[in-house]
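Trainee: Those protein sequences? They're chains H, E, C and Z, same order as listed.
Residue numbers in the first sequence follow our numbering, run continuously in steps of one, and reach 344 at the last position.
Residue numbers in the second sequence follow our numbering, run continuously in steps of one, and reach 688 at the last position.
Residue numbers in the third sequence follow our numbering, run continuously in steps of one, and reach 1020 at the last position.
Residue numbers in the fourth sequence follow our numbering, run continuously in steps of one, and reach 1352 at the last position.
Don't read these hints as lab results, they were simulated from the structure.
Using N, Cα and C, we set each Cβ at its ideal position, and we do this for glycine too.
There's no promise every hint is true.
[Unchecked claim] Listed below are the simulated DSSO-like cross-link pairs for lysine-lysine, each with C-alpha atoms no more than 30 Å apart in a straight line: (1) Lys-835(C) with Lys-1217(Z); (2) Lys-885(C) with Lys-1166(Z); (3) Lys-890(C) with Lys-920(C).
[Stated by the list, open to error] Chain C regions said to be covered by chain Z (calculated; three or more residues, Cβ under 8 Å): (4) 851 to 863; (5) 891 to 900.
[As the list claims (entries may be wrong)] One-sided excerpt, in silico: chain E residues whose CB lies under 8 Å from chain Z: (6) Pro-409; (7) Leu-413; (8) Ile-420; (9) Asp-444; (10) Val-461.
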Amino acid sequence: MAVAEITKRLSIAESLRQAITEEMRRDPTVFCMGEDIGVPGGWGGAFTVTLGLEEEFADRLLDTPIAELGFFGAGIGAAMMGMRPIVDVQYGDFLFLPMDQIVNNAAKMRYMSGGTVKVPLVMRAPIGATGRGSQHAQSMERYFIGVPGLKVVAVSNAYDAKGILKSAVRDDNPVLIFEHKLLYGSKGARAESGAVDATSEIPDEDYTVPLDKAAVCREGSQVTILSWLLMHHYSMSAAESLANEGIDAEVIDVRSLSPFDYETIGASVRKTGRVVIVEEGPKTGGVSAELAAGIMERFSENMLAPVHRVASPDVPVPFTPVLEDAYRPDPPRILEAVRKIIQH
Amino acid sequence: MAVAEITKRLSIAESLRQAITEEMRRDPTVFCMGEDIGVPGGWGGAFTVTLGLEEEFADRLLDTPIAELGFFGAGIGAAMMGMRPIVDVQYGDFLFLPMDQIVNNAAKMRYMSGGTVKVPLVMRAPIGATGRGSQHAQSMERYFIGVPGLKVVAVSNAYDAKGILKSAVRDDNPVLIFEHKLLYGSKGARAESGAVDATSEIPDEDYTVPLDKAAVCREGSQVTILSWLLMHHYSMSAAESLANEGIDAEVIDVRSLSPFDYETIGASVRKTGRVVIVEEGPKTGGVSAELAAGIMERFSENMLAPVHRVASPDVPVPFTPVLEDAYRPDPPRILEAVRKIIQH
Amino acid sequence: MTQLATNISIGRLSGYDHDFLLRLYEQMVQIREFEEGVKYLFLQGSMPGTIHQCQGQEATAVGVCSALNEDDFITSTFRGHGHALAKGLSMEEMLNELYGATSGCCKGKGGSMHMGNMSKGMVPAIAIVGGGIPLASGMSLAFKMKKTSQITACFFGDGATSEGAFHEGITLAAIWNLPVVFVCENNLYGASTRVDKVTRLKKLSDHADSFGIRGETVDGNDVIAVYEAARKAVEESRNGDGPVLLELLTYRRTGHSRRDACHYQHTDEKKEWFDRDPIDLFGRALTQLSGIDENQLEGIRDRITQQFEEAVVVAQKEPQPSLDELTTDIFA
Amino acid sequence: MTQLATNISIGRLSGYDHDFLLRLYEQMVQIREFEEGVKYLFLQGSMPGTIHQCQGQEATAVGVCSALNEDDFITSTFRGHGHALAKGLSMEEMLNELYGATSGCCKGKGGSMHMGNMSKGMVPAIAIVGGGIPLASGMSLAFKMKKTSQITACFFGDGATSEGAFHEGITLAAIWNLPVVFVCENNLYGASTRVDKVTRLKKLSDHADSFGIRGETVDGNDVIAVYEAARKAVEESRNGDGPVLLELLTYRRTGHSRRDACHYQHTDEKKEWFDRDPIDLFGRALTQLSGIDENQLEGIRDRITQQFEEAVVVAQKEPQPSLDELTTDIFA
Ligand SMILES: Cc1ncc(C[n+]2csc(CCOP(=O)(O)OP(=O)(O)O)c2C)c(N)n1
Ligand SMILES: Cc1ncc(C[n+]2csc(CCOP(=O)(O)OP(=O)(O)O)c2C)c(N)n1
Ligand SMILES: [Mg+2]
Ligand SMILES: [Mg+2]
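Using the sequences and the hints, build the whole thing.
Mentor: If you want it as structure tokens, here you go:
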């Protein structure tokens, strides 16, 4: 961002709201569909992202019945007919309900039509373990990477959130955006305990952030830490501590979960030769599995140590805070992993 | 199998049928629920597995409406109340419909009840690209590995199919069994073109095959080929060709897809130092990703080369046979991969 | 109970011009010829894949699609050949698709279960039972938001009515008053399962009650009855007085798929429905009209047979995709 | 329209013995005290997690569960505290659960949204809207197959009626005649969305028509009306004449969850329903019976308040799980 630009500090919830507002103003085919997103006096969706938007866009903020398979499917249908719907689930865990529509219809439609159909659909889903027990907590990214025809991204700060949502709206393909409950910066009754500051300065100008690029957020030479969403913030804080120990870590916000940006990741791996991936969610079968395998396939000659994955144990998310805290990888566990890989 | 046992050569469809019959006779709480499984004059499910069983078990072969979320959920409920249901989808692709019930309810129930609930539910799903276009074709294993609380297995021959189904029925946890359309040996109107012989000698005695063990099907010293279902058969045939070239491959049927049997796999990797994994389905985010990452984490000091994955390209399954054949990994591609890794 | 015609009285045909009636006949014949021809090619082994066919159900596809405008859309299912032909897809583009050729309506990537052609108002068919229903609501939502006057006719079977997608998809259309006609082709079976085994309802159109919309059950083998019911439903939907749920009572004269011998269908039932074949019923009525005779109908049949046979010869030689095309058409 | 009581006439209470009536009262009071106490603890910050509460809906839980046998089962939702208490879970095991203690009914692993206790006839509550409905059918299927005489009462909200799970789950129960009572607590809102925005139906019990089962709408704030309707439905279900869909009209006096201020609820509507508070309604009627006076009711309330307060003191000190327990209870 150039210094001269007028900027304003926004939370992710606010910057997503701004992105939606601007895109709806720009393009009359953009609309939102979801539960409790536009009820006057309501919440603007589960995490305030669409709060108040019904005032300006009464006809384009469609409050749905609780019917995720139905309205995701309807989003696909509307997209095929030239609209650009943004649909969301209140918690990522509910994505299993419309998953048939997402994988079997949205993602395959272009291919099985021989390239004659477009599905410009944006899907949004909040994830993260946040004191709600095991059905409102799991990390869902793993279930959607490598689905041919589907783009998957994760937004860790307000700047990216706005720019990526805009790119997604303008993209002609289905895009699934993951957001994290502890990063929204939702306020009032929807504030989250344990929230982490993910606000950014947002320029006044229209901008987009590409859907297929990782971001090097901290340069370093000895080890590459790959993560996204909440874990990216924990990784950044771990990197600060590591710097104090004299370990120089490069921290990359993976952002583009499917497909991955191996260009950016590769450049880092070639430099450091060591990779730690940090993921919230059970280790087995996570996004990190593909990242680790993909990195070792592509850059094995540069690797000084096997890729190390820091993740949750293979358990559902427990309710009780003492166990939930142990479930979620945290900076100390990241530190430990990095120290180990450095000694390798 | 001891030589003295009376054996009979059966297909997978037949041995599964036998397993279901024997388990239903043994235990009155075992029953089947699914579409078109027990209609007199019908097919015995999509691939003849339950053909004719309605004659002996009229009350325990429940033909359902087309409502996968509903009857999988009902299976969970019945299991919680002490029954041992076997539910199936006609094509694995439909598993997205009951996926909420499988992951959010069946798999988590024990944990979130603090260990007080049991869900002895068996689920069966056929997969494989077989000339039906992209919604009756995809490999679904990837979506269910690493789901804590769920066991996932894949059966490649009739002997295992019977023994594993029996173990699954007797297990107190939800178990998802993957089967392959080209391996059933379904006959008559339900025969499949491109089918591969997966028959086995089936002993007369009751036997089980554990849910957590891989099988070394061909011993070898230079490279370990890991695969399951149809790809296991292709791997065996590739290994024969390799032997002619003087390459001695060990072939393991992974079978236990979640959790993996790292004991068996590890022993092989320590011996050969080279691993090729063969998987039907898009490479990115497949089961092989976790296998590759897990192997490299555990056995990196034994590895002579990075793990190599042979899989489908990242595309939906095309209908036209010329492209479908190219989609599916085949013995020539396996050979090529092994030759390359041996030279590494 | 809905009256099932054993005869279409010519009184009901007055008021329609002959061209229109002959077009209905021709379209039904085209579907029948196409399906019978494809079945032969498939059983003979020259055609790849699997097939789900609609012999005996021609009047539903033709009756409904005749009530639509060209720019209206349909959604269809694994059993979609009839819908596709009735909506204007050509036998040629469909045969090419079935043979996996690049000139197929989906470049060979779709196949029998995913026929479609956007320029003719048919999105690729959805082979997940019920899966097209939410799509149809969304398509109609787009029409409504864009203020076009298009509507969607959404085809599905009796079996689909127990899927969650049916319930959720129609719920959306109902609460938002969307311009869509839901067409349930009740052919008495979902695969091998008779409908009365999986619902307590005598009339599937009674499902309409739980959405607060209008439902109607019609003889699906009487093409004129279908056309008239569809025209009414289409009009209501287009005017914002929909959606409507139409149940069309019909029967599948062939296997559920491939080589299915239908041992689960009762002989009496079969006979009763075969006697009510939609093409025979309508053909008999037509020849009673002055100015139309059996020769004319035979001419139509011959013409179609010939067109089909020529199309097969071409399709079998159409170019197959090159291997590069395996990885194209993923992203727009 | 279903008559909504502003008054319960004592004539309707004759025929019930006082102990039974006082137990209904006590259970409703227990739920209210529990919920109000928990709300205070939560807002005060001493209790972790999030909460979905049922103040104002006590009569539905109590009326239905009073019609069940001990070995009957219920399924519940994210808003399950009332159901749990009415089915016999203790305030103690529930408070311990809410505080994440190992002595909680789910060892602290479940939390507010997954309360359950198998030995008391309640499976862990399902927090996916509608997700418990297929489960309930399966539970009743087991009862039927095992020829026990148990039934399941399946609680869900108005919002759940648009989910596919509702449609599929009840379809199964209907076609197999399963011993289950589906209890739709219509509190007029699904989260912040008013029910009339998401259905065209005036009565949600009309959904019963599409399953071919009996539906009934009852005043859900009149505990006696609920009890009587539930008893009838339970009996029918137990006898194999079910399933039944009961719609209980009620109102949530508190936020959807946590700190929700309910700005979307209209003031008049709130007032109307607050005037029909189920505990007040029933309490007023009780004190008109000879032999019951306000003192007695106050005694009940005091006793429960004290029990709750003691339980909180204990719960706050109950042992938390050790870290080993993170990875136990995955597999049986
Ligand atoms: C979700 C789903 N479940 C099961 C199937 C397998 N299947 C294909 S067609 C069919 C029967 C469909 O019956 P109906 O809806 O009546 O249509 P019809 O075959 O009679 O045209 C089934 C079970 C499927 N394709 N999708
Ligand atoms: C499948 C699913 N979608 C959305 C949610 C989020 N959510 C939780 S409660 C609720 C409203 C439920 O309304 P209703 O069924 O009427 O129950 P009530 O809250 O009134 O008790 C919603 C949308 C959920 N838990 N599950
Ligand atoms: Mg049918
Ligand atoms: Mg409600």
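Trainee: Hint by hint, say whether it matches the structure.
Mentor: We went through each hint and held it up to the structure:
Straight-line distance between C-alpha atoms of Lys-835(C) and Lys-1217(Z) comes to about 22 Å, which keeps the hinted pair within the 30 Å bound. At most 30 Å may separate the alpha-carbon atoms for a hinted pair to count; Lys-885(C) and Lys-1166(Z) meet this at roughly 22 Å. Between Lys-890(C) and Lys-920(C) the CA atoms are separated by roughly 23 Å; this keeps the pair inside 30 Å, and the hint holds. With 9 residues bearing a CB less than 8 Å from a CB of chain Z, the segment 851 to 863 of chain C meets the requirement of three and the coverage assertion stands.
Given a C-beta distance limit of less than 8 Å, the hint that chain Z covers the segment 891 to 900 of chain C holds, as 6 residues qualify and 3 suffice. Look at Pro-409(E): its Cβ gets to within about 6 Å of chain Z, closer than 8 Å, so that hint holds up. With its C-beta approaching chain Z no nearer than about 5 Å, Leu-413(E) sits inside the 8 Å limit, and its interface hint holds. Hint status for Ile-420(E): holds, given a least beta-carbon distance of 6 Å to chain Z, under 8 Å.
Interface hint status for Asp-444(E): upheld, as the beta-carbon distance to the closest one in chain Z is roughly 6 Å, under 8 Å. With 8 Å as the threshold, the beta carbon of Val-461(E) comes within range of chain Z, its nearest partner Cβ sitting at about 6 Å, so the hint holds.
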